[in-house]
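Make the complex out of the two chains shown on their own, each in a separate frame, by following the hints.
Chains A and B supply the protein sequences, listed in that same order.
Residues 1 to 226, numbered by our numbering, are exactly what the first sequence covers, in order.
Residues 1 to 733, numbered by our numbering, are exactly what the second sequence covers, in order.
Heads up, a few of these hints could be off.
Unchecked claim - Listed next, the stretches of chain B that the computed footprint assigns to chain A, with coverage defined by at least 3 CB atoms under 8 Å from CB atoms of chain A:
#1 58-69
#2 235-249
#3 630-642
Calculated directly from the structure, the hints in this document are not laboratory data.
Nothing here was measured: the structure is a model prediction, and the numbers come from that model.
We treat Cβ as the ideally placed atom computed from N, Cα and C, and that holds for glycine.
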Amino acid sequence: MPDNRDDGQRTRVFTRRAFIKGAGAAAAITSFIGGPTPPSAGVTRAQSSPTPASGAAERLGPDAATIVLTVNGKSRKIAVEPRVTLAEALRDHLGLHGTKLVCDRGACGACTVHLDGNPVVACMMLAADARGHEIVTIEGLGAPDRMHPVQSAFVEADALQCGFCTPGMVMSVAALLSRNPAPDMGEVKRAVAGNICRCGTYPHVFKAALAAAAKMRGVKPPGERA
Amino acid sequence: MARNVTVRLGFEGNISDVRLVIPDDEPTPWQWGEPLAVVGREMARVDGALKATGTAPYTYDVELPGMLYGAILRSPYPHARVRSVDLSAARRLRGVRAAIERGEAVVRFAGQEVAAVAAVSPAIANDALALIKVDYEPLPFVIDMEDAQKPSAPRVFAGRANIGAPAVFEAGNVRDGFERAAAIHQAVYTTPVQTHVSLETHGAVARWEGDQLTVWCSTQGIFTVRDDLAVLFNLPPDKVHVITAFLGGGFGSKFGAGPEVVIAAQLARAAGAPVKLMLPRAAEHVATGNRPNSWQQVKLGAGRDGQLVAIELLERGSGGIGGGAGSAGPYRTLYRCANIRTEERDIYTNAGPSSPMRAPGWPQGCFALELAMDELARKLKLDRLELRRRNNANPVRALEFELGAKVFNWHEKSRAPKALGHRRRGIGVAAAAWHGLGSAGPQAQAIAYRDGRVVIQIGTQDIGTGTRSILAMVAAEELGVPLRQVSAEIGDTRYLFSVPSGGSSTAPSNTPAVRQAAAHLKDKLLRIAAPMLGADPASLEARDGTIRVRGQPSRAVSFADVCRSIPADSLCAQGERPPNYAGFRTDQAGCQFAEVEVDVETGAVAVLNVTAVHDAGRIINPLTARSQVNGGVIMGIGFALFEERRLDPISGVMVNPTMDDYKLAGPLDTPEITALFVEVANGVTNTGVLGLGEAVHVATAAAIACAVYDAIGVPVRSLPITPDKVLAAVGKV
Ligand code: FES
Ligand code: FES
Chain A
1 MPDNRDDGQR TRVFTRRAFI KGAGAAAAIT SFIGGPTPPS AGVTRAQSSP
51 TPASGAAERL GPDAATIVLT VNGKSRKIAV EPRVTLAEAL RDHLGLHGTK
101 LVCDRGACGA CTVHLDGNPV VACMMLAADA RGHEIVTIEG LGAPDRMHPV
151 QSAFVEADAL QCGFCTPGMV MSVAALLSRN PAPDMGEVKR AVAGNICRCG
201 TYPHVFKAAL AAAAKMRGVK PPGERA
Chain B
1 MARNVTVRLG FEGNISDVRL VIPDDEPTPW QWGEPLAVVG REMARVDGAL
51 KATGTAPYTY DVELPGMLYG AILRSPYPHA RVRSVDLSAA RRLRGVRAAI
101 ERGEAVVRFA GQEVAAVAAV SPAIANDALA LIKVDYEPLP FVIDMEDAQK
151 PSAPRVFAGR ANIGAPAVFE AGNVRDGFER AAAIHQAVYT TPVQTHVSLE
201 THGAVARWEG DQLTVWCSTQ GIFTVRDDLA VLFNLPPDKV HVITAFLGGG
251 FGSKFGAGPE VVIAAQLARA AGAPVKLMLP RAAEHVATGN RPNSWQQVKL
301 GAGRDGQLVA IELLERGSGG IGGGAGSAGP YRTLYRCANI RTEERDIYTN
351 AGPSSPMRAP GWPQGCFALE LAMDELARKL KLDRLELRRR NNANPVRALE
401 FELGAKVFNW HEKSRAPKAL GHRRRGIGVA AAAWHGLGSA GPQAQAIAYR
451 DGRVVIQIGT QDIGTGTRSI LAMVAAEELG VPLRQVSAEI GDTRYLFSVP
501 SGGSSTAPSN TPAVRQAAAH LKDKLLRIAA PMLGADPASL EARDGTIRVR
551 GQPSRAVSFA DVCRSIPADS LCAQGERPPN YAGFRTDQAG CQFAEVEVDV
601 ETGAVAVLNV TAVHDAGRII NPLTARSQVN GGVIMGIGFA LFEERRLDPI
651 SGVMVNPTMD DYKLAGPLDT PEITALFVEV ANGVTNTGVL GLGEAVHVAT
701 AAAIACAVYD AIGVPVRSLP ITPDKVLAAV GKV
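With the rest of the complex left out, here is chain B (with noise of 0.2 Å):
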């Protein structure tokens, strides 16, 4: 059952008539130029004074009668055999209610979780940890992704290769690219593990009633974490019930039950209380996934006139005993080219898991792809913004590079001196990629009241980017009312299912079940009103908080005279995201400018200021839109600059688990950003929605680190770009 439409898709100066074969009862994807009430207007996000006054309820802030709080003993060593765990001492003290066994044989990281247990109070459960007596029999470990390469080294898991597996991709040849070169560029460029550093840390609240589970969880999934527990527990779906009205921030390391969680569940059965357990600090850099650090060895080839023909990666990471390093994304996508090879291999230490963290793997090879691009354009005494124009795989890139220059003054600053005594200016641009397209599977639930409230209901979740919010937009723009109108609940595995929130997926994927579940509502209501107004119901329409003859605005009913008819209590409706379209154009094209001063006496390096140009198709609200530029950007910057995860070599213990010595970018690293939107009408699915979160955050440290190049004329191919790798590379040191 489906129909034929043809929308108008594109992007200024590139539209066309294009035709979507969509489901029958699915709206038609709003189009080029389509007139929007609600949609794209600037709105304060609407639970924004929840936040603001502190009352906004986090997993973090929730508490009940007889709850315990539980705390989790993680092993000191990074790799050991755990020979027997004690817990009677433990249990004998006044106010532990319950201790637990992790029950693993071997550890592999300093930090892997090992016993915990649940008490009156956090003090005491601490307390309680150090009455645990373990009998470790350390074992031989590797840390360094070097030394883990090597024949000799001990092996992260028994009877299996510290090196995995290549995955390779390869179009053209390489070689005969290579031979055909005018210029070519080789080196090897370096990024370190970054930790998520979500303010909130990991953790939840877990109460049993009976084999009801009930979850209050800090997740970007909850019905990842329903999903995992229930298979854990052996419990059916349903019996699991999961909540998260809001997320103290996740940045892709809060997928499904980790160990707290289920941890939580466990000393909740194992007291018969409800059961606390949000991890310290120190737990969450340590234990809770991280981005994997880097090696890549970049080879670029190109002709006389800047084209490439060849690009070449040889690249390693390591995410500790996780895998799922690679970072050849940008290679593949960012330039055309006949001929590229990228091979890509975890290598497992003796560290915390990785976990996606924002565009895993992009910001690593978007950094090292476009630094080479530099160095190449140097080589070729070419404009670096002209080596990318020439080699642009996308069209609505090409559109940004051009509106980017013109806002960020490319040009003229590309003539500005860059010396002022000891200070040099320096400016960089990078391109980003990537594909918040969304998928299918959310189900949405629209109510209308006879009081004229609308409510939309989903099983998704906020990581802060103002779901909400866009979600009563895109119902309030469908039913023809005014946003205060609609109010949008989600956060709690009880209404019906959504994906998880990730790869920039929420905006996408959510987005058009809500429409089609209000498109659904606005037909019943239409029928309720069709008498009313003795007309056919396909003559209607709903616009400015009426129902109304299309084409004759003065037959109309208002809309909160329609619902006072709804025969019950209320009117319900159901939506479903179906898969995406073909639309106009699938791929995300971004790109990012930086002006940054390096201090050459002090290796000090300040950026100043960003323009970022993104594709996010359709935006909802533009006001929103722009905090997550900035969040991308700013945390961009702490990835180029400071932040890096350090483990001592001798003990294999991360050595910086706080936020002094973890260095996150602050307010007074804070450049002056400017962010661009070039809005893309994809027909991609009846909102042309695209996620925002990851494209914003590629480019960042990569425009940074072309930048200080520009600056100081030698480039710095390790991230983070911290002072003593500045004075080393300009000599100072």
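Same shape as in the complex, but just chain A (with noise of 0.2 Å):
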């Protein structure tokens, strides 16, 4: 891949994200604990040793310690261990389930997140340090009755079968549609390329991102009859 295109990426990302809300989510945060600035803001102890000053290394358990995460816009306080990941925690202290555990070693892609709007696999990341970004989950993209484009485009292409997957291919679709709104089909197999499906829905996703691509711009969708 060009580098220039990487670089165009990353500028579309740090533009999406409105620098002035991020920082007032910050600063929000950083208020609520008192602390000092993330991603060490948002723990409070259990055990009550005094919050480290910033630069200074923070040690966190062994045992559970009140965090602080940004899920789907609100602020969700929760004591976890620090070896719990942040798979783990949405799933069993935030009781979000949409997200799946699949591999647990980041080789499926059924555990993607959005950090900060983009795709991560929460599996392969500590839940302390998710503390002061933004994630979201499916559950935070769209409900059933007022599904976000990609979704209704998945249902709508049949690019499910079981579903087991399916979370994680949204996740990662709709990550690539926010910071590319006209994506090739390379560009979309690229995308859901670290998501495994054992129901073969590939080609079904393939055609929802692109319909919902096109969607999403206002246009036609690909192959669509007039």
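Now the structure itself:
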């Protein structure tokens, strides 16, 4: 992939995340815990050692520590052991079961969520490391009665069979479309290259992604009859 | 109480009137050219939104108040005596609520269940496993199928040979056949152990309330799980309630109550709290089933005209400590031949047990037979498609070959140059067969409510094919109402009985029961409508959301108005799936064409496109049917090129029980897939639906292997066709 394209993406991501709004959110978190800036900002201790000063090494655990995560626009306080991954925190501590844990080692994409707008595999990140970032899960993208265009495109193209890989697929596609509103087939394939589907939905996923992109741009989806 | 009906059955260019004897209360089977309003249309699946938004509740997502998490300790040895298990330290760990022994005196594969714990968090459960002390006495083991057949090999089961009894099929006399042959081809073909890799692993959530056991289970057979647990815990079946609202894949590995389900229920009872036990990925690879490997010595003989005169197969396959490895099905089915002999034997090894996997035995057999057919064609200097046509045993497949060749551009591609630099193009074709006819057993309930809604209830489950949608479509068709008015409720043993979802039986077993239930409900609604219309119920029909006098569309009353006149809260009828009728044909033909590109410098194989042509009887929903074709083909690509369970010869342990080391086909491996259906009105049931899930997987690996042979001129007779094998074949290594 040529470098300039990557740069372009970064630029778009930065622009899209209205900077002022981001700073505001960070300030809100800071004032809430009254500590230094993220990522160590979200921590409050279950066992009361004082929050380390900025720059000092931070020690968590081994017991559960209370941390604050920003998930789907809301601040959520949870007590987790430091070994708990973001995927486990979302599922077991926040009851957000849409994110699936399938391989638990970054090999399948089923646990894909958005971290500050970028797709990440939540099984490869500790919950504590997600402090100070904006996390969006499949539940934050849409609901059955108000689906995100990517979600409705998945339903229309039958880009889901057993459906277990689907939340991760949807998140990968949604992240692609937010940074590249007009992807070609190759870009779609690369965006979901890390999402494994045992039911073999890929062809319909590609179709859904292109249809959703067209719909979000307000043009006719590719291949649709007049 | 039966009646005779005459129906038009068959397929394009081959239609005839067939007399069927059907039960009195059974709707007449849909026939050729039957005008249907809902069935046959592309419909988005009714539960799609739940899946796309992550709100569909899988077993994996069930959370109950006070729920504990279970974990299983597995043997690190492929064969060992379990001298003792000490659970005391594990029990003492803070947060542990129960610990149990499996109680096996001998373990026979690395990964077999030895003990289990339940704790307040998954992490503590895992910590507790490390505290269990097991005294093993390691025993000699054998994991290699060839080694296992040697007289000196360690016995997998004491007092039983590692080589199972032969299963022999014989027609005619192959020796005579080979004597008359103008060309003979003989070679050995092998396929690896493949694992199912359902994305949702095996597991269950178990809860006891007194002697009532409720189990949320990731299963393809809720009633099988119910019955297994009832026997194990000595309960009447109605004391066991099994729920599978959504299932994250099964592919044949999830029938019955496996060890993890039983253990979840045992732990829940021991702890006095609900227990959730979902397997980690490694255990899923190792212990929950697999497609056995195969060693196939194939011998084919043909006359100068290409007519097969003898087919012989000597087969060995190992499903570890399980059996059922046979792969002779295609040899006995795909081609017409007077002299056929197949011999299959299971070989036992110290490895995880096999379980049915998407068309058990068939992709293996099809790969070897079809690649052998190509090698025979080369000897005979015959076009490979032509050789298949001349021996083809099924008239539907003859049409499929023709259709597929046209769409795939077989003849044009045959003439295209093969080499482009270090890349070689090749094409292949393979025949498929299956028997997705379904069976008697399912019972459905159809309920109309006074607000005009119709609910179908049946104890089947959706393995991902869109079962709720097709059942609702069939009921909507019968009742003449739009699909949105009908919903289907499944996945619960409190509904009426249905069969497990395997053998491509879900659609063909359940749709006839649902159609019959809807027809009986319709009869009752017509009786309510008759006085409203001043007509005889027998003269009425349900169409376009109305109930009306046949032939007089203006004498109509709306379906909603009839429902409003239901005297009670609801109106209810049942249907039962009768055994299959003789029908038109009972086998299910298919074929697939594949084009590949082989890089002879790197050995990498890319599948460029696949054309899949299949008989699915009557297609209820072409959209979801195409999804199944994509799935079968893509899983076939994995089998052809990537997937292989590897066991370490020294420790007997699986070395790739992950999703990075065990490779599945991913988005970048996906070719252009064209699905074509040859509609066959088969009259086997009142809907004529055939299951599709397995038929569409049988021929893919074979077609790819044939295409690779065409591309590089050398057959790779061992799956998966990995770069090292390709480079060896072209003499580069
Ligand atoms: S579960 Fe996170 S990548 Fe597979
Ligand atoms: S839809 Fe089943 S794994 Fe993707």
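Hint check results:
Given as covered by chain A, the region 58-69 of chain B passes the check, having 4 residues with a CB less than 8 Å from a CB of that chain where 3 are the minimum. For the region 235-249 of chain B, the stated coverage by chain A is satisfied: 4 residues place a CB nearer than 8 Å to a CB of that chain, which reaches the threshold of 3. Residue count for the region 630-642 of chain B with a Cβ under 8 Å from a Cβ of chain A: 6. That meets the three needed, and the coverage hint holds.
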